[in-house]
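Based on the hints, put chain B in the right spot on chain A.
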Amino acid sequence: MEDITPDTSRSPIYLTKITTRDLNVYYGEKQALFSVNLEIHENQVTSLIGPSGCGKSTFLRCLNRMNDVIDICRVEGKVTLDGEDIYRAAVDPVQLRARIGMVFQKPNPFPKSIYDNVAYGPKIHGLAASPAELDEIVTTSLERAGLFEEVKDRLDESGTSLSGGQQQRLCIARAIAVEPDVILMDEPCSALDPIATATIEELMEELRENYTIVIVTHSMQQAARVSQRTAFFHLGIVVEEGETAQIFTDPKDPRTRDYITGRFG
Amino acid sequence: MTDRLLPTDESAARHLAKRHAAERRFRSYGASAVGAALVVLVALLGSILWRGLPAFTSHEVRLEIHFDADLLDPRGSGDLEVLGRGDYGRLVKLALRAKFDQVTGRRERRALSALVSSGAAFELRERVLAEPGLVGTTRLFFLPLSDDADLFFKGGVDVSTREADRRLSDAQISWLRVLEAEGRIESRISRRFFISGDSREPELAGIRGALVGSLWTLLITLLLSFPTGVAAAIYMEEFAPKNRLTDFIEVNINNLAAVPSIVFGLLGLAVLLNFFGMPRSAPLVGGTVLALMTLPTVIITSRSAIRAVPPSVREAALGIGASSLQVVSHHVLPLALPGILTGTIIGMARALGETAPLLMIGMVAFIVDVPSGPTSPATVLPVQIFLWADAPERAFLAKTSAAILVLLAFLVAMNLVAVLLRNRFERRW
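Chains as they are written, first to last, in the working numbering: chain A, 1 to 265; chain B, 1 to 429.
Just chain B, same shape as in the assembly:
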């Protein structure tokens, strides 16, 4: 009897074999598509990590700094204002010259000084201002190397090329080797990257300014787009009469979601900056523009979340005498909240990665200070990445990748918050 389960003749057997083959083919297509996507993703992340990780460390040189009282405070007043005006760059140069006393020529001396970052002088100044007792003493200090010297120790300088083709001369390389042989060079985790703003010097440039700028901008975006978007969605879904006007509005919201983001930037430029005279380069304006851009996304996802609440829940509440507003606030909104939050986070993630509209309102400016509020000039992470990618110094290559890593970490953190919130509020019915 079992024979009846097997193909009866040859053509049926062929047909069956073909069907199985088609299914196997389809599965392998799917699996290879997923595989290809994974390979590309891993390659992308890998290359960003490989390039970006060196930016989180920097090489520093240990030098004996003599805080010469004649240079810093000739009258011995101890006045912080006098100390603040001292020539700290000279302290660094003198320390280097003391180390390499055979270097005499003017040009050689300049090449020697160029090994240490110009930021070293500022760091010494900060130290002295914090501790004026240092004047007159000699201390060991770790000072940041210049980007080229740092790159040399990170293996970024090809010594075999002609001297004229590289940014470090043979003499500079030999001095660096001497310093290394004496154990004065150390690779340290670069705090500077996280605590300072942008700079023209790669070894001094940090992500803090852009990070804080992004935070302010996103805060403004969230505050504007979330309440407005959810209120609009609730009104459209629960209260608005169904007529041509609401249909028209609905179509236009859908259209707005597809408008290229740079158009919103133009709107911000024309209306917010030129008409209302709001400050340029400010997170307030950037956040407003991004809120306008995110609003359609928030409205559309909130509406579908509200629509997904079963009508039986509404009927039940209405049936025992809840008013329309009570139905919404007690029943519909709590049930739709996970979906609304997911939509909002998706919108915010898009806003976080947006560059184009911000270029139009001047958030592309070179800004050194960490923004102190929503109206102070700022830039944001993706714009910072764009700026660094455009910078000529080679060391900015690593900075660019590091900034991308920070942006990705920010995104992952945001999505994590979304998932946690969703699990917290999710209820089944």
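The following block holds chain A by itself, in its conformation from the complex:
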């Protein structure tokens, strides 16, 4: 972590999109995250790896305040998005989630038409002034999610009639339709076959140009393939974080080394 100066050889400037300071999360009596300090860089893919139950998903859900809906969950510390504290009382989680979209582990399209799935977000946030504009947003979102060509003739069919990989891309289209800055992905490929996974991974590389992506993954290979930065979580603490290449080739902490070489986890 001595290498704080950005690696200017790959991209000229790295802006910090999200910062967490001393983030502690409790589920009732049990503490799930211990003093997490992490920086998420803009227009990069950051992957969170670690064994099950280590707090990756909890951390991810802190970033768009999805933990708010869990009664017993308590969050301490500071999370900033573009320098603004998202846990301030004045911040409405509903507005926040429009800026930080989320894609879930299991594809979860609404039991509505493909069109309505994508149009729902813009509708509730009032992003489209006219039906034509809404059509435009739906088309663009589906195109960016790489799904438009496959579904353009059947936009009125149910979103649940698509294959698993298509459903997940539909969920991505739904998330980007509200024009977020950040997309959080919670093991987005764990329910998909290798071909659909490859499609999503390519998509992430394209989306990185416009969005900041944080992905939780159980697949070391996936983290290595798609992300620029990686954080290794273990028992609720961030053991190590840094450039993906460095984490995978030259881990500083013995626990990281053991995990990525498959000795535990």
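Just so you know, these hints were derived from the structure itself, not from any lab.
Check each hint, because a few of them may be wrong.
[To be verified] Simulated pairs of lysine to aspartate or glutamate, EDC-like, Cα-Cα distance not exceeding 16 Å:
# : chain 1 : residue 1 : chain 2 : residue 2
1 : A       : K123      : A       : E133
2 : B       : K242      : A       : D71
3 : A       : K106      : B       : E315
4 : B       : K242      : A       : D68
5 : A       : K112      : B       : E426
6 : A       : K78       : A       : E39
7 : A       : K123      : A       : E136
8 : A       : K123      : A       : E179
9 : B       : K99       : B       : E64
The structure presented is a predicted model; accordingly, all values stated were derived computationally and were not measured.
For chain B alone, coordinates are given in the frame of chain A:
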């Protein structure tokens, strides 16, 4: 090699045979249970149909009625008020006497008049009021027979018993036979059963009053219990904090569902009638009491329907910035609606068949008029069945079964609506 699939020794073969026998036994138990249930159901429906169907027809007698101007409108004024006061019962008696002019004694004449229903006079009055030009003419009319005479033609009178033991005398039976031989007796579909209210005379009693009463009562029940129940279920399931108070409320809702229905009737009597002074025997009160009774059912079934909506749908909506209310109204409620509707219809079906709580608030009264609104006195179908089953006249036996048929038809119609609504709203995910 195939030998290895067969039992190796005698004990294994016995074991296998035992296992097969046990399975066959279990299947036959199941099949016979279903069969027994079917037989009982068919027997029940069959007996109700067999008893109830005669009530949908009634025998009528064709008589020449002379609308005597001297009796109805001696001054020839044509005034409807005068016509309304006329003695129409006498017209019927005169027509019968003209037919059987050999009958002279006072008692015999009364026995003769008793063959025609007392409702015949009212029907003639209605006709004359609708068409005053009838006065002075003679017309052929079908008039309802009395319940005993009707029962005679339906085969309900055993002629071989002693005269003193039956409600029709030998003379009356002979007159009826004469009328039948002249082709004056006809069995007709009884419209009266569907268009009139209750009556002490079985041949005049109809189901309309109870049917309309049931409709009003159920409407009140639905309007009160559906919105309240669904709102309570949504709040408890989606918004309420999980603490001791909500646990306490939940336990009590479950307890309320098991409270005997008559207790709700007592509550209605003590609170709605005595404290708030609401009208007695009114569908408004009955509907409120039944709504209180149905509410726990609606809440419990709605909650389980809401709980059955997969959390992934909620997360998806929350994840793109829907507010809690939007999550509920746009996603959870539409998906839970089929289940909620099913629960509501089950609750309503129970309310439709409920008698006990309504007895407490006076809906058991004898009410002739068809109720005109939620505050006019009314009775409901199950109470009407109870009242008729209790009536001494034999002809009410058929009426009771016919009323049960109407109640069953109502229930089937309600369930049909539930199934249609469910299919209409059902979505898979």
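For each hint, the structure was consulted:
| no. | hint | result |
| --- | --- | --- |
| 1 | A/K123 x A/E133 | 11 Å, holds |
| 2 | B/K242 x A/D71 | 8 Å, holds |
| 3 | A/K106 x B/E315 | 11 Å, holds |
| 4 | B/K242 x A/D68 | 14 Å, holds |
| 5 | A/K112 x B/E426 | 12 Å, holds |
| 6 | A/K78 x A/E39 | 12 Å, holds |
| 7 | A/K123 x A/E136 | 13 Å, holds |
| 8 | A/K123 x A/E179 | 12 Å, holds |
| 9 | B/K99 x B/E64 | 9 Å, holds |
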